[in-house]
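All chains, please: the whole structure from these sequences, using the hints.
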Amino acid sequence: MTKVDKRRRNTRPSKYKPRTPAQLARKRELWATRSNDRDRAKREDEEAALLARLEELETALREAGQDGIHKQRHVTPLEDIEDDAKRFHVLKARVERLEALWSINKRRRETRGKIIIGGALLAEAGDAHFAGDDELLARLVDILDRRVERVRDRLTVRELLGNVPLALRPGGDLGEDAETALQAAGEPLPDFDLMAETALAQEAGDALVPSELDPDYADLDQAWRAA
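Sequential numbering of the sequence shown, starting at 1, is according to the working numbering.
By construction, these hints were calculated from the structure, which means they are not laboratory data. Possibly wrong hints are sitting among the right ones.
Unchecked claim - Under the rule of at most 30 Å between Cα atoms (straight-line distance), these lysine-lysine pairs were calculated in the DSBU-like manner:
(1) LYS42 x LYS92
(2) LYS42 x LYS86
(3) LYS42 x LYS27
(4) LYS92 x LYS106
Take a look at the structure:
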């Protein structure tokens with residue numbers, strides 16, 4: 001094998017011709033064009049995904065009783081926005097807004113569902129109690145005893161169910177008062193004097209109803225007052 005002197009080899013002239021400034025500029029232009037093409041293709045894919053999500057959210061909100069963002073008078077149709085970057089920015093902002101609206105709507109529907117389920121169970125337990133059957137009420141109290149931990153919540157539940165045998169804290173004595181239960185549970189004591197003054201000042205017709213929490217629950221007010 002013939003040995004090659006590296007020093008001599010490295011001094012040999014290259015067989016490739018050096019590129020002219022025009023050729024280098026052309027190459028940079030091609031690189032920039034390809035990069036722009038890739039960015040544009042990526043933005044088009046993202047825009048298509050956003051458009052699909054926008055349509056999905058608008059449909060879901062309409063079915064839930066809320067109009068989509070396209071119903072607002074100040075909104076410019078996307079097809080009327082000629083600048084690509086501006087159109088993409090506006091589209092993304094609209095999707096983010098509808099995502100927030102859908103999240104709020106979903107939480108409201110979940111809360112409404114919980115109120116409906118709770119009201120139905122209370123009504124069923126009340127009817128069974130008046131019929132002389134306390135099995136459902138006993139099961140309900142057992143579930144609440146295992147699921148509800150805060151003293152104030154347990155006090156509210158006990159009063160709502162007609163002073164059922166439910167201790168004010170898990171494992172507590174049935175005869176334990178609220179102040180003792182709060183101290184034992186390590187919860188801060190409320191201002192009982194202020195609570196008494198507020199209760200005396202409140203008129204009988206001012207009881208809290210579901211519509212005061214959310215206008216969407218107005219149809220539950222009548223059943224709430226009758227309970």
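Against the structure, the hints come out as follows:
| no. | hint | verdict |
| --- | --- | --- |
| 1 | LYS42 x LYS92 | holds (14 Å) |
| 2 | LYS42 x LYS86 | holds (16 Å) |
| 3 | LYS42 x LYS27 | holds (23 Å) |
| 4 | LYS92 x LYS106 | holds (21 Å) |
Checked against the numbered hints above, the structure violates none of them.
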